[in-house]
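A.B. asks: Sequence:
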Amino acid sequence: RFRADNLNKLKNLCSKTIGDKMKKKEPVGTDESVPENAQNLEELTADVLGCLQVSQIKKVRLLIDEAILQCDSERLRLEAERFESLREIGNLLHPSVPISNDEDVDNKVERVWGDCSCRKKYSHVDLVVMVDGYEGEKGAVVAGSRGYFLKGPLVFLEQALIQYALQSLRARGYTPVYTPFFMRKEVMQEVAQLSQFDEELYKVIGKGSERAEDSSIDEKYLIATSEQPIAALHRDEWLRPEDLPLKYAGLSTCFRQEVGSHGRDTRGIFRVHQFEKIEQFVYSSPHDNKSWEIFEEMMATAEEFYQSLEIPYHVVNIVSGSLNHAASKKLDLEAWFPGSGAFRELVSCSNCTDYQARRLRIRYGQTRKMMDKVEFVHMLNATMCATTRTICAILENHQTSEGIRIPEKLQNFMPPGNIPPATPPFPTPWRGSDRLSKKQKKQQEAGGKKKAGGGCDQVLEEQMKNMGV
1 RFRADNLNKL KNLCSKTIGD KMKKKEPVGT DESVPENAQN LEELTADVLG CLQVSQIKKV
61 RLLIDEAILQ CDSERLRLEA ERFESLREIG NLLHPSVPIS NDEDVDNKVE RVWGDCSCRK
121 KYSHVDLVVM VDGYEGEKGA VVAGSRGYFL KGPLVFLEQA LIQYALQSLR ARGYTPVYTP
181 FFMRKEVMQE VAQLSQFDEE LYKVIGKGSE RAEDSSIDEK YLIATSEQPI AALHRDEWLR
241 PEDLPLKYAG LSTCFRQEVG SHGRDTRGIF RVHQFEKIEQ FVYSSPHDNK SWEIFEEMMA
301 TAEEFYQSLE IPYHVVNIVS GSLNHAASKK LDLEAWFPGS GAFRELVSCS NCTDYQARRL
361 RIRYGQTRKM MDKVEFVHML NATMCATTRT ICAILENHQT SEGIRIPEKL QNFMPPGNIP
421 PATPPFPTPW RGSDRLSKKQ KKQQEAGGKK KAGGGCDQVL EEQMKNMGV
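In the UniProt record's numbering, the protein residues as written are 1 to 469.
Keep in mind that the hints were calculated from the coordinates and are not lab data. Cβ coordinates follow ideal geometry from the N, Cα and C atoms, glycine included. Do not take every clue at face value.
Computed Cβ-Cβ distance ranges for the label pairs, DEER-style [to be verified]:
| # | residue 1 | residue 2 | range |
| --- | --- | --- | --- |
| 1 | L92 | D198 | 23 to 33 Å |
| 2 | Q411 | H94 | 21 to 31 Å |
| 3 | R211 | H94 | 43 to 53 Å |
| 4 | D65 | E26 | 36 to 46 Å |
| 5 | L92 | D20 | 48 to 58 Å |
| 6 | N12 | K207 | 37 to 47 Å |
| 7 | D218 | F413 | 16 to 26 Å |
| 8 | L78 | E137 | 47 to 57 Å |
| 9 | I205 | D65 | 37 to 47 Å |
| 10 | Q366 | E293 | 41 to 51 Å |
| 11 | Q257 | E293 | 28 to 38 Å |
Modelling step: build the complete structure from the supplied sequences, incorporating the hints.
C.D. replies: This is how it looks when you write it as structure tokens:
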């Protein structure tokens, strides 16, 4: 950039020198050779140009034009390298974040709600089949690995969760937003980190335009969360202080490749490639600790939601080594699954401070002329309800001998009565259906010790093979 600016100054100097010579009516000349001292553009001065004929100065200006083109090409290459390097530098961490690379051991439990030690007979893998709400084999034939059809009572349960979550957020001042399902590559690059393109995002290739003769290709990416399009909603804008905070309740279908999760939660609907999710997203002032106050409010909103559904959980502070680049701090709400005997993540709440806003150029204030310095808004996101995971938590926690008891808050959005089992009695519970993480195995072992002698069935390989589902 510095060299390009100097070359532009030299070009202007050439034009000025030619103008001065023409005013003095000096002959243009026919000599187009450039002296050696004038070919060294870095040491070119007004005195050197003053000794040349107009024809020679014009030739020098052509050399400068060529140098500017080369410099611009090199500048763009270096800026692209710098941009890629900067993308791999993470946000500054909040002082309360535990410093560690081992989330299985060092995640800090902040608080616990409900009975997180009880055990129940069936896991969500059993229950989605028992209530005749899931078709996995045909889903895999149609859509591939982890494809599924949600049907019957679970369709109503999912819609009830969506409506209840949206109504809850609307009552707290959130504006509901139904987002696009895909984003342009250049915009997605500003909200997602490089690893997500390889491990999480689906690429969609289409025609560059609607013209039949156009053979160009348009590259887009399916969203992994409504956080991504909502983050870009105010791209390249100035947000006035009096308009903040801006609160959005994002509703979208989410698409994730789940690369790296092979073998984990492969059965049932807990970890799938396509699911519905309601997201909290807030643009906040960067001043007076406002974003951290909102961070606690967003987490409290999520906790109230799951308390109202009577789902026990604990909240954990995620270690530094497991944070994505954007998050300054992240809290996860992990629900207790009494049929599986493990905690599983339902909510992630992150304060990204101004990290995302800088990339998206979402500035705080009126305009550059009215501000002493350029500041960027703070951006926060938190899951409200990922429907398939929440359904799994409801099924395990509210299973009874008569079926699934519907939480009171959802009953107005559901057909009357409980969800009855479709094929009672059901075979021996499937307790080894998914490969648990190290953390979940430790939780399961701890739960087993607490309940030693409590009569929990142990499932053998032979029994699992003979199950007739």
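A.B. asks: Each hint needs a verdict: does it hold in this structure or not?
C.D. replies: Hints and how they fare:
Take L92 and D198: their Cβ atoms lie about 26 Å apart, and the range 23 to 33 Å holds. Look at Q411 against H94: about 39 Å separates their beta carbons, and that is not inside 21 to 31 Å. Take R211 and H94: their Cβ atoms lie about 50 Å apart, and the range 43 to 53 Å holds. Against the hinted window of 36 to 46 Å, the Cβ-Cβ separation of D65 and E26 comes to about 23 Å, which falls outside the hint.
A beta carbon spacing of about 54 Å between L92 and D20 agrees with the range 48 to 58 Å that was offered as a hint. Our hint of 37 to 47 Å for N12 and K207 holds, since their Cβ atoms are close to 44 Å apart. In this structure, D218 and F413 break the distance hint of 16 to 26 Å, their C-beta atoms being roughly 39 Å apart. At about 53 Å, the CB distance of L78 to E137 agrees with the hint of 47 to 57 Å.
Distance hint check: the CB atoms of I205 and D65 are about 38 Å apart, consistent with the given range 37 to 47 Å. Separation of Q366 from E293 is about 24 Å and departs from the stated range, judged on CB atoms against 41 to 51 Å. Remark: the range hint 28 to 38 Å for Q257 to E293 is upheld by a beta-carbon distance near 35 Å.
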